[in-house]
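Chain order of the listed sequences is A and B. For the first sequence, my numbering begins at 8 and goes up steadily by one. For the second sequence, my numbering begins at 325 and goes up steadily by one.
It is worth saying that the hints were derived from the structure and are not from the lab. You can trust all of the hints, since none of them are fake.
Mimicking PhoX-like on lysine-lysine, the simulated pairs with C-alpha atoms at most 20 Å apart in a straight line are:
1. A:LYS189 / B:LYS351
2. A:LYS96 / A:LYS152
3. A:LYS185 / B:LYS351
4. A:LYS96 / A:LYS155
5. A:LYS184 / A:LYS506
6. A:LYS694 / A:LYS513
7. A:LYS694 / A:LYS648
8. A:LYS184 / B:LYS351
Bear in mind that the values here come from a model prediction, so they are computed numbers and not experimental data.
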Amino acid sequence: MKNSLKTSEQKICDHCFLPIPPGVSIENQGRRFCCQACQLVYGFLQTNGLENYYSFKNNLSDFAAQQPKYLENFHWQEQSYVDDPEWQKDYLQINGQHRTIKFYVEGMHCMACLWLLEKLPQLDEKILEARVNFFNKSLTVTINKDAKFLEVLKLVSQMGYLLHPVKNEFELSAKRKKEERKQLYRVAVAGACAGNIMLFAISLYAGADAEWGRILEWLSLVFFLPVVFYSATTLFKNAWYTLKARRFSVDLAASVALILGSAMSVYDLLQGIGEALYFDSLSMFVFLFLSAKYILLRIQSKAWQMNSLDAQGQGALQIEKFIENDAQTILSRVESLKRGDLICLRKGSVLPVDATVLEGKSYFNFAIISGESLPVEVQEGQLIKSGARNIENDLLLRVEETYQDSYMNKLLSQVENSWLKESNVIGLTERIAFVLLNLLLLIAASVFVYFSYVGLSQEAFQRSLAILIVACPCALGIGTPLTLSFALQSLSRRGVVLKSSDSLLKIANLKNVFFDKTGTLTQGNLELVRWKGEQSEELLNIVYSLEQRSQHPIALSFVRYVKSRINPRALYLEEYRETEGVGVQAKIDAQLWSLEKIIGNENLREHQSAVQLRKNNQSIATMYFEDQLKEDAHELVELFKNHEIQTFLLSGDRQSVATYYAAQLGLEHCYADLLPEEKAQIIQQSKNSLMIGDGLNDTVALNKADVGLAVNGSIGVNLRSADVVLLDNSLKKIEELFLLSKGSVSLIKRNILFSVFYNVLGVSLAALGYLNPLAAAIFMPLSSLTILFSIVHFFKVRTNQAKALEQRKVLINIQGVNS
Amino acid sequence: MSALLVMIPISVLLAGFFVACFILSSKNNQFEDLEGPSVRILSDGEEVIKKKNLDKEE
Numbered sequence: 008m009k010n011s012l013k014t015s016e017q018k019i020c021d022h023c024f025l026p027i028p029p030g031v032s033i034e035n036q037g038r039r040f041c042c043q044a045c046q047l048v049y050g051f052l053q054t055n056g057l058e059n060y061y062s063f064k065n066n067l068s069d070f071a072a073q074q075p076k077y078l079e080n081f082h083w084q085e086q087s088y089v090d091d092p093e094w095q096k097d098y099l100q101i102n103g104q105h106r107t108i109k110f111y112v113e114g115m116h117c118m119a120c121l122w123l124l125e126k127l128p129q130l131d132e133k134i135l136e137a138r139v140n141f142f143n144k145s146l147t148v149t150i151n152k153d154a155k156f157l158e159v160l161k162l163v164s165q166m167g168y169l170l171h172p173v174k175n176e177f178e179l180s181a182k183r184k185k186e187e188r189k190q191l192y193r194v195a196v197a198g199a200c201a202g203n204i205m206l207f208a209i210s211l212y213a214g215a216d217a218e219w220g221r222i223l224e225w226l227s228l229v230f231f232l233p234v235v236f237y238s239a240t241t242l243f244k245n246a247w248y249t250l251k252a253r254r255f256s257v258d259l260a261a262s263v264a265l266i267l268g269s270a271m272s273v274y275d276l277l278q279g280i281g282e283a284l285y286f287d288s289l290s291m292f293v294f295l296f297l298s299a300k301y302i303l304l305r306i307q308s309k310a311w312q313m314n315s316l317d318a319q320g321q322g323a324l325q326i327e328k329f330i331e332n333d334a335q336t337i338l339s340r341v342e343s344l345k346r347g348d349l350i351c352l353r354k355g356s357v358l359p360v361d362a363t364v365l366e367g368k369s370y371f372n373f374a375i376i377s378g379e380s381l382p383v384e385v386q387e388g389q390l391i392k393s394g395a396r397n398i399e400n401d402l403l404l405r406v407e408e409t410y411q412d413s414y415m416n417k418l419l420s421q422v423e424n425s426w427l428k429e430s431n432v433i434g435l436t437e438r439i440a441f442v443l444l445n446l447l448l449l450i451a452a453s454v455f456v457y458f459s460y461v462g463l464s465q466e467a468f469q470r471s472l473a474i475l476i477v478a479c480p481c482a483l484g485i486g487t488p489l490t491l492s493f494a495l496q497s498l499s500r501r502g503v504v505l506k507s508s509d510s511l512l513k514i515a516n517l518k519n520v521f522f523d524k525t526g527t528l529t530q531g532n533l534e535l536v537r538w539k540g541e542q543s544e545e546l547l548n549i550v551y552s553l554e555q556r557s558q559h560p561i562a563l564s565f566v567r568y569v570k571s572r573i574n575p576r577a578l579y580l581e582e583y584r585e586t587e588g589v590g591v592q593a594k595i596d597a598q599l600w601s602l603e604k605i606i607g608n609e610n611l612r613e614h615q616s617a618v619q620l621r622k623n624n625q626s627i628a629t630m631y632f633e634d635q636l637k638e639d640a641h642e643l644v645e646l647f648k649n650h651e652i653q654t655f656l657l658s659g660d661r662q663s664v665a666t667y668y669a670a671q672l673g674l675e676h677c678y679a680d681l682l683p684e685e686k687a688q689i690i691q692q693s694k695n696s697l698m699i700g701d702g703l704n705d706t707v708a709l710n711k712a713d714v715g716l717a718v719n720g721s722i723g724v725n726l727r728s729a730d731v732v733l734l735d736n737s738l739k740k741i742e743e744l745f746l747l748s749k750g751s752v753s754l755i756k757r758n759i760l761f762s763v764f765y766n767v768l769g770v771s772l773a774a775l776g777y778l779n780p781l782a783a784a785i786f787m788p789l790s791s792l793t794i795l796f797s798i799v800h801f802f803k804v805r806t807n808q809a810k811a812l813e814q815r816k817v818l819i820n821i822q823g824v825n826s
Numbered sequence: 325m326s327a328l329l330v331m332i333p334i335s336v337l338l339a340g341f342f343v344a345c346f347i348l349s350s351k352n353n354q355f356e357d358l359e360g361p362s363v364r365i366l367s368d369g370e371e372v373i374k375k376k377n378l379d380k381e382e
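Only chain A is shown next, with the shape it has when bound in the complex (with noise of 0.2 Å):
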């Protein structure tokens, strides 16, 4: 089993203030890097004179350290749709001569970002602006008459990000973005009310009376009406519906403490009593709740963002279309096709449509469909789906069936829509309030009768009054929403993204875990584990250039590995030759060199695959390959055993291959050769599961588990299909969505505990009569003030110790590079 030896000597990328994986060596005029994209985007800000970004960034105190992206196969030509007005018309605006679009960023992660991206005006002058959101991860751009947005496109390329367009008030459209802005007003109109009116009630509490006092009670009527009559009408409006539809919701029991208080508060100051006014713990009360439903609100629309926004990815494909009798092609968009159109898909592409082959032949990747990550040979005439990437040769299809008949785009659209079904879960917040609020409904009510059937009418008000007020219902209506709210934001700054805060209840529940092998578990690639027999720098050579041509697996890992030693140099080869299946061979200066896959050997173990170097048919040396764990992956493993959470491996290898890494890990159950399908059926035998995976070829699966948790680098189809993605590859980040899931519910079962408690208490010392309305009004607030602070409380240590983890391993890197 690979072990990296982490001394204190590990260097850290140049770029992007990441360590450098062993066995990576990538270096430029004395400059260390971790991959090629921080070695490009780094040329990029030298030559243009923008090294003040690592100043810059030093100087944050919330570091973010990320890796740029980086596209090997990108074909600009397919951008080009950015500058097409028939395609502008959805994205486009424009203001005289100014055009612009919005554009959502992948890879923008710190604020060092956000001033890189704003200094592009300065990289092009036919860039007239370029303004960040950091808080949507959009950048809006504006350009020129005669400018094009694809130079644009390319520019940002250069710093390592990606640029997916945003369509004018899309989902998040206007009328969504106008409701939010409403509740916003609310909030602010109840806030400002409330504020005044605790001013005047500082005054009433301490003292004023007679004239002055009635006007001040009076001033917070008026102050009050706006709260009741303009903020806590959504409230209203909710606890309406849910009451037709026979359920409990919090903003019920909210509605009903609100309207009694307030016709309480009213009937009293009429009256002239001025004993029982609660216009300002009421109004406070609105002003706390609606806040907390508008900071989730805002999350959750954010969430929806990225998943909406990189949809539009999608469609605005390009492909290259034969005109009928010409041999020429026109870039035509993938949706217009038709059957019977023949395109010509270049290598490295993905096929968009459902097509037949009719000219050439070529190695496509199949791993969508089938999870077969190796490549397989298409012949003419072979039908193949949608969503198969052409490795080898350009090759000529005809197309069978249009963009949304066709396999993947099915299978997408069936995932959303199953998606989309709401969620009828009763949580266990609803259910308690329920049952809380009957029970307080029944004392007061009891109360009531009873003390004005003795005749104390005057008591009985007071008594029931009280007990009303007391029992705050703010527990659940603020708490568990606030503490799933901070949890998500938490998360999402770590790179954890969740669609809705269901799945972290969900989570906490666990019992069943299942993982997807390659490429979740394990590293994907087939890594050079081991060289046996000779090795020297004109071998190394020799391997290099023989390898260097094919897109192998195998191939790409020699590449690698004699990459990170030498400098390779690719020697002249004759009559060169790779066969299917077999390996490569070639002639250099008259000698025969190949390079052979063997099998049978008696040190190859059942995971591993061998490769012999063999000079004129004598054999040199032996390589084996090895698709490596990652490095998490035990320590994720152990967590979940040690919760007492059954593991399962499931995966479309063979038997043999998946025990030895399930052995490896230690999880309990293992299942091999299966299909996509396969993997979903027994995902949907088993309760509380949950199933992380590759978002590409494990859709079904994803859906199927309770909640799905795709582990990949670009949000794009991933959002879609699972409840959870990860924005990198790392596995611990799995161990800490686990840890705040089960820390947040926690809390929130803690906080709910101390409402009952606090709810009984008060109650109880109200309908004694040892609690009048006043006293009781201050309590109230401060129940929802102490658990307010709790979870604040909670998640400020999590941060503060999460920050002084990352600063320390950043420090121990720096200082441990020595020269």
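Model the placement of chain B on the given structure of chain A, informed by the hints.
Here is chain B on its own, set in the frame of chain A:
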């Protein structure tokens, strides 16, 4: 005490004014991005000097 007769209406007007300001700035999208502006002011507005590198590694 009679000063209150003047103070209170003024404070009411003031409160109304601030709420109106809030609503106006909210309409102008000032609350969309809360972290960005705080960092934007830190940058000195340095001019980007394009260097013509002798040895480009592109």
